[in-house]
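A.B. asks: The chain contents come next:
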Amino acid sequence: MKTNKYRMLQLLGSVIIHAFLMVAAITCLFPLFWMFRSSLMSLDTIFTDKSIIPAVINFNNYVTAWIEGGFGIYLWNSILYTVVVVTGIVIISSLAAFAFSRLEFPGKNFFFIMFLAAMMIPLPGGFVPLYVLMTKLGLANTRIGYILCMINVGLSMSIILLKTFFDKMPTDLEDAARIDGCSKLRIWWHVGLPLTKPAIVVIIIFNSLNVWNEYILAQLLLNENSLMPLQTGLMKFQGSHSVDYPVLMAGLTIAAVPIIFVFLAMQKHSLKGIITGATVG
Amino acid sequence: MSNALVKQKSSLFHDNLTSFLFIVPAVMIFSVFYIYPFCDIFKLSLHEWNGIDLQKQFVGFDNFFELINDNDWWGSLWHAGFITLVALTFQNLLAFALAFACDRELKMKNFYRVVFFIPPVLSEVVVGLIWTWILYSGTQSAEHIGLLNYFLDKIHLQHLINNWLSNPKTALPCIAIVHSWKGFGWGFIMFLAGLQTIDRQLYEAAKVDGAGYWGMLTNVTLPMMTPVICVVVILTILGSMQAFVLIISMMGNGLADYTSVPVTQILDAMVGSKRFGYACAQGVSFGLILIMISFSVKIVSDKLKKI
Amino acid sequence: MTDREEVLQELAKRYEEQTGIKIKIDLYAPSDSYTRKVIASAQAKVLPDIFGILDKKEVFAAFIKNGFVSELTSEFAKNNSEWEKSLFPKALDINRFEEDNVYGVKPGIYGVPLDITNIQMLYNKKLLKKAGFDRPPKTFDEFLVMIGALKRIGITGFVSGWGELWLADCFASNYAFNIMGEEKIMATYRGEVPYTDPDWIKVFEVFETLKNKGALIDGIVTKVNKFAEQDFALERAAFAFNGSWCVNVYQKMNPDLDYAPMIPPPISLDFPMKIWGAAGSSFVVNNSTPNKNKAIAFLKWLTAEEQQTFLSGETKNLPANRKALLSIPKVLSDFAKVSDQTTHPTIWKYNEAVLVTDKFDKGIQSIIIGDKTPRQVAQEVQDLKQKVIEKENRRKKIQ
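Residue numbers (my numbering), protein chains in the order written: chain G, -19 to 261; chain W, 7 to 313; chain X, 104 to 502.
Treat the hints with care, as some may be off.
[Unchecked claim] The calculated lysine-lysine pairs, modelled on BS3-like cross-linking and capped at a C-alpha distance of 30 angstroms, are: (1) X:LYS181 to X:LYS159; (2) W:LYS49 to X:LYS159; (3) G:LYS88 to W:LYS49; (4) G:LYS(-15) to W:LYS113; (5) W:LYS175 to X:LYS305; (6) X:LYS305 to W:LYS62.
[Said to hold, decoys possible] Covered stretches of chain X (in silico footprint by chain W; criterion: 3 or more residues with CB under 8 angstroms from a CB of chain W, positions within the stretch not fixed): (7) 133 to 142; (8) 161 to 172; (9) 256 to 264; (10) 316 to 325; (11) 328 to 337; (12) 456 to 463; (13) 467 to 480.
Think of the hints as simulated: they come from the structure by calculation, not from any bench. Small disclaimer: the values here were computed from a predicted structure and weren't measured. Note that CB positions come from ideal geometry on N, CA and C, so glycine has one too.
Construct the complete structure from the given sequences, taking the supplied hints into account.
C.D. replies: Spelled out as structure tokens, the structure:
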């Protein structure tokens, strides 16, 4: 009897939880569905056909988006930029965050506050000095110039986020490693990084998304079409006056798919991260 | 004796140096790509400049004095503040509740975790388009075009039908809600990442002590989550105070002075009226305001941690 | 500009085939990106051989005064002004600086127009017929009568993308020309006539009347133009106010849409109604490039009849070249008919300060949402104008 009641309560609880999660999930899925549905229509039916599944399904928009949008080269560029920038950010920011959290050196607080402040001050008009500087350094219209700029964009936030997680790292592990004679770099690599995996996953996702969706800096720094990332192609579908919605939607779907895959892949790793974290602990 | 001291000193120096090397790459990139433009911007904020002239006119702190008396500027700060308040409460509570619900053995857990992250993945363009369509006002052949008004009409709540985006009472709240919808996925994965680092043994221990769900939440989860909550709160503040793309894509130049935010003001000053100096002054003051807010959050959370 | 990308790239290819000179064209979207790029490139001194400025005359002037743009007057004058004569004067005017212009630029021509746009009212023939009218309104009163008749059969009267303030500003400017004429408008910009003048209040009252008569589509004040274009293309409103680029947009969205352009119906008989029209986009030549002559030769080729016909046929924009006008679609040529009634801020002797214009346009929004009366708005605009004038005077004194 008692266990029955407990079961009922548990069941009720899980129904409520699922209902709550489900409602939230539907509002999130709806736009994705809408985007995909629109990408299968044509410009003269997109506003008139109100059915849930379009009467005429047409995959041509994907072909148009791919060819006219020049998506082949853009996609490659975006992947390259995302991988390099995110790798750069993870290495550089975790080194710095580790130092800010676990090591002692003069000026530590000063530098940390500098990064913290930088995260908050937007740089309107910063594009003028930046471009002048990049031109002087010969980095304008180069991949490396854009990559360095994008690393800088994600740096402050990543450092601060990672430091929060390093702060939570138990000191005894580190002490044990130190007694074993590990160098600081090895402690960072063998102890620090594995323990902050969930945070690193967050950083990877956050920065991938940032780089993937970026076009303002790209258009400022780059001239050649062959260097441009994906978003530039998308922007071109929304000309100043005419918008070809179905093709735009096809392009947006193409652009959204890889990033959703990155997220899916990261999900797995974040689970693994917890398991390793638990075994180390 | 003195030899040993020197040795100790040099090893301390060596220790400091190797520690410092950890932050060198970050500091180098940062100096070139952030500090340098920032200094230039601060310099610009003391000038009157149209963005083109090779000569800039030095005006001292005039731009800042003008800013203090600029009611539109303060109004825009209040609007951004409103969006932020909605994001802090509605968006973060939702994110936390969802993360908390997902941090357990649950069917379709992975499904939820992926789905909640869809809105942040979508570009602002899609989000703007979809929500404009949902909030559209007007009718065609006596049917409401916008999904929300259509729905209200169908469930006989006609008195609630509204020009959502061009009514001063609802325009800003609508923007705030769409912004929160787009952003809660972030809070969700951060909270979830935080929840997952909490040692399960702590929960077990609390259970042994006879704590219920509520007790575990207040005694274990929340204290352990304070640093993460603090980061999420700061990131929410920074993200929401600087939100503007949605406003532009959903309502163009905005609704009179009801939906202006600092970033649109800065863009107007820069691209619209070509007052780069003034725009830079706005940017610098805006940054200072954000720093003050974030540091107060930090101080409050440090106090909380001690309790 | 990006809607012209394919066509421009095609033209560049043809030019290379004909002359062996390779032209590289980079286009940027959205337009804010472009503005940033041009400004930053000017400061870094890496402007391309040919570029567009796409901004207010004041900004154009600043580019010239700082030596970024080369003067083309003598090029246009060559061979008995052959090049100049081949183009529409209105299109050329926005690239021209007159004697004693307020910007202090040496008089002359500094840019080459690619195409022309103008902004007019459009009416849906089918919807008007449904309400019992077989021709567009000739006066504002007649327009209101039609709006009433349309309303009775459940059709919204008027749509425009006034969420983009400049479109509302353009509409107001049209009526200001009709009510008080160019002289008085310029006098207002100079600060000699206040915005509280009865004529300006009449301009604001146009919006109040439209609102009171229920002519405006729901949510017009925050409607982005692409949504306004959708509304008209899908026959959700009988009248629209939009630029000539809409021909291309409507064609794609609803090929069966039966519509025609019209001058906004005048409210007064005192002065002629004027609409905005000028070069849609213009190119300038970099003053410090060694390829100056090649750049000019390319622009000459680009504005010649054959290329212009091709360009306007593909993009459905009005050509800048007179001869190319003969071979364009009917609706488009209807747009071109009114070119003697066009005017544009870039050819006025004076322009209002951006801050005041902004206040003015937001005031229009306030009137439409019933927040403020025309009088209140006029007063607020005038107060700001006063402040701007005072600041300007102080600055002049310092200098």
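A.B. asks: Which of the numbered hints above does this structure break?
C.D. replies: 6
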